[in-house]
Amino acid sequence: MTEERYDVVVVGAGPAGSMAAWAAAREGCDVLVLERRAEIGVPKQCAEGISARGLKHAGIKPQDEWIANEVSRALIYAPNGERFEVPGDGYILERKLFDRWLAARAVDEGAELRLLAHARRALLEEGRVVGVEFEDEEGVHEVRAEVVIAADGIESRVGRSAGLVPPLEPEDLCTCAQYEMVGVDVEEDATHFFVDNETFPGGYFWVFPKGDGRANVGLGIRGSEAEPGLALELLDRAIREHELLSDVLEGAKPVELNVGGVPVCGPLGRTYDDGILVVGDAARQVNPITGGGLHTSLVCGRIAGEVAAEAASEEDPSAERLKEYQERWEEEFGRMFKLTRKASRALSNMSNDELNALAEALDQEDILKLVRGEGVARVAKKVVKRKPSLIKHVRHLIG
Amino acid sequence: MIVDQRLCLGCAVCAAVCPNDAVTISGGKPEFSSDCNDCGLCARVCPTGALREGEER
Chain A
1 MTEERYDVVV
11 VGAGPAGSMA
21 AWAAAREGCD
31 VLVLERRAEI
41 GVPKQCAEGI
51 SARGLKHAGI
61 KPQDEWIANE
71 VSRALIYAPN
81 GERFEVPGDG
91 YILERKLFDR
101 WLAARAVDEG
111 AELRLLAHAR
121 RALLEEGRVV
131 GVEFEDEEGV
141 HEVRAEVVIA
151 ADGIESRVGR
161 SAGLVPPLEP
171 EDLCTCAQYE
181 MVGVDVEEDA
191 THFFVDNETF
201 PGGYFWVFPK
211 GDGRANVGLG
221 IRGSEAEPGL
231 ALELLDRAIR
241 EHELLSDVLE
251 GAKPVELNVG
261 GVPVCGPLGR
271 TYDDGILVVG
281 DAARQVNPIT
291 GGGLHTSLVC
301 GRIAGEVAAE
311 AASEEDPSAE
321 RLKEYQERWE
331 EEFGRMFKLT
341 RKASRALSNM
351 SNDELNALAE
361 ALDQEDILKL
371 VRGEGVARVA
381 KKVVKRKPSL
391 IKHVRHLIG
Chain B
400 MIVDQRLCLG
410 CAVCAAVCPN
420 DAVTISGGKP
430 EFSSDCNDCG
440 LCARVCPTGA
450 LREGEER
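So the protein sequences, as listed, match chains A and B. The numbering of the first sequence is the working numbering, which starts it at 1 and goes up by one. The numbering of the second sequence is the working numbering, which starts it at 400 and goes up by one.
Just chain B, with the same shape it has in the complex (with noise of 0.2 Å):
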């Protein structure tokens, strides 16, 4: 996934709802570990719209 850090507030409902339990809040931002699968549930329920699908380049 990719992080919008301008939009992301760290909130950290993204981690919550993680299934592959993927995501670390780290210095207030999430990093996404490989066991991430591109579920895209975390973009879904993210309120500022800051996560997409994608590898972090």
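Bound conformation, chain A alone (with noise of 0.2 Å):
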């Protein structure tokens, strides 16, 4: 067995894990990534979307090369048709594309990437992480590093085996099922959102244009209401006769075939430990209403990056140093992630009758606060007023 020593080792060359590896190896530090896979940013396992805000928030400037499509618009379909406009400028990523290039930017910076690397375990002395096993074609191997990144997804093996990440209880995830389609015939400036709780339980439908007609065309649904198949049974049944879609999607042909699980229960409690952070999906650094977590995974990622390499100049890899990882994200996407956790929940309650309900006492500018976990009290108290019917599922939003 070998033994390395690096001050940052990454787990994972996702969005969150390569955000963090070029933000420390631009704080000059020695920086290693550990990648399971071969190829990086394959298979995808999302629907590509992010807000320009979240981009710019993150500081990066979009590219061409790993941009799709654009969006000005969100289009959210009510379960009975009736259609709302959220505007909001947005791309549709190349994911494949943008997640090599992020791991390539890391690496110009100075960080070392090795592919086929998986992460075992974090390894412990007297409770404190000091670094991770792993293991390639060559055998097992152990690296020690200052600080440990774990970004290393939904499973998250290293964050579990520090004590930090929990099994994920089946009604805190969606499990989901995509199509990348071709002669998708859809707006293609604007993002389509279906939610139906009765055909896709506690998640829904979307619809992400591509351009020149291709689409990621997929669902979630929440676990509790899950049966093993059932997200891509329930896929392939809307594609074919859900009154909604069956039309857009008429003559629609799938390319390619993604699935995966995205956390919706919040962020974790606790995101960092004795020389660990945790980052991205393994932290459940997810909008629990949208399942969107591009935009909060870029960022969490380069101020886990940024944290770490401060700490690891300074010798001092304890929590109490690395506390500040979490204070700062907490600052950033704190307030948001507590309401739009708490919105998702009485969302997720809601029968096809309530959604309709609560789909007429709405207005544009309330579904994008509800998104973006803003003055979540004021709309709820619109909704009583508008239709008392709905109080018991908004009542714990107000105050």
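Since no wrong hints were added, every one of them can be taken at face value.
Some chain B residues near chain A, calculated using beta-carbon distances under 7 Å:
(1) Cys-410
(2) Val-412
(3) Ala-415
(4) Val-444
Calculated from the model, a selection of chain B residues having no Cβ within reach of chain A, i.e. all distances over 10 Å:
(5) Gln-404
(6) Arg-405
(7) Ser-433
(8) Asp-434
(9) Asn-436
(10) Asp-437
(11) Glu-454
The hints are simulated quantities; they were obtained by calculation from the structure and are not laboratory data. Yeah, the Cβ is synthetic: ideal placement off N, Cα and C, and Gly gets one too.
Once you've looked at the hints, go ahead and assemble the two chains, each given alone in its own frame, into the complex.
Next up, the structure:
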């Protein structure tokens, strides 16, 4: 067994990991990135949407090479087909290219990337994380680090073995299936969200256009409502039969199938400990209403990289020092996560009739506020005033 | 648990929900350790239906 040493070891070269690696390398740290796959960004597990403000917040300038399509609004369809337009600029990315661009940027900055390097667990000494055990084609190795950044996705073996990441409860995740299709006949300047708790319980169906009739067409349903294979089965059925979708998707043909899980419980209560930070899907840093995690993962990844670099250069990887990561991401997203988590729970408990009533009570500004977790209490008060029957769902959102 | 290799796309949702930490993704597919007690939670949330109860032969 060989042993090496780095300032920062990042586990996982998704958006959160590559962002963290880039930020830490930029501060002059020796950074190692362990990626278990042979290729970055493959297979994609994402609808590939990000808001223009999210990308800007992450400090990333839009690049033609990884932008498939630009949108200027979201269209949200209530179960009865009533549709709402919410303005907002955004991009549908080519995640395979975006993820690779992010990883290449980190490598250009000096980070070392190892592919087919499968992190098995955090190395613990006296309760502190001091490195990672990983396996590659040559065998099992230990690599030591001042700070380990676990960006190892929804299952987060490293976060789990460090005692920071508990298993997801079924109601805390959406199980998702998506086709990339060609021949999709939708307005391509918009993302499309179909909300229907009878057909897509605790989740929604989406169509995210990538231009020239290409689109990500998929759905997520709450794990607690799932049965084996149900996500894919519902996707096929909705494409064939759903009254709002079958017209749009008539003649559309799949060219790729993607599946995955999205954590919708809101972030972990604690994302740091002695020698370790947890980011991205591993830390459940996903907006529980939209299931969107790109914006938050990129920003949190950057913060993690910066804090890890500072702590490593001070040779102080203590939890006390690394707590700054949590403080900084909570400053950016804490309130949003708290409110969207509550609102998400309320939405997932509503019947289709209640969702239709809710849609009647809301205008586009309200929907935007809900999704961003801004002014949720005010929106909830308005809902109660206009649709008193919904009080049982939104009562806890007030005050 | 038995993995249908043809249906499994390696998304790791099974590993994320396993209460016993019995699932490792290796070579893009789940492997079950002896800690698996066939609770079936992983099969339930599997998006493609690639998992079913029983012993791998």
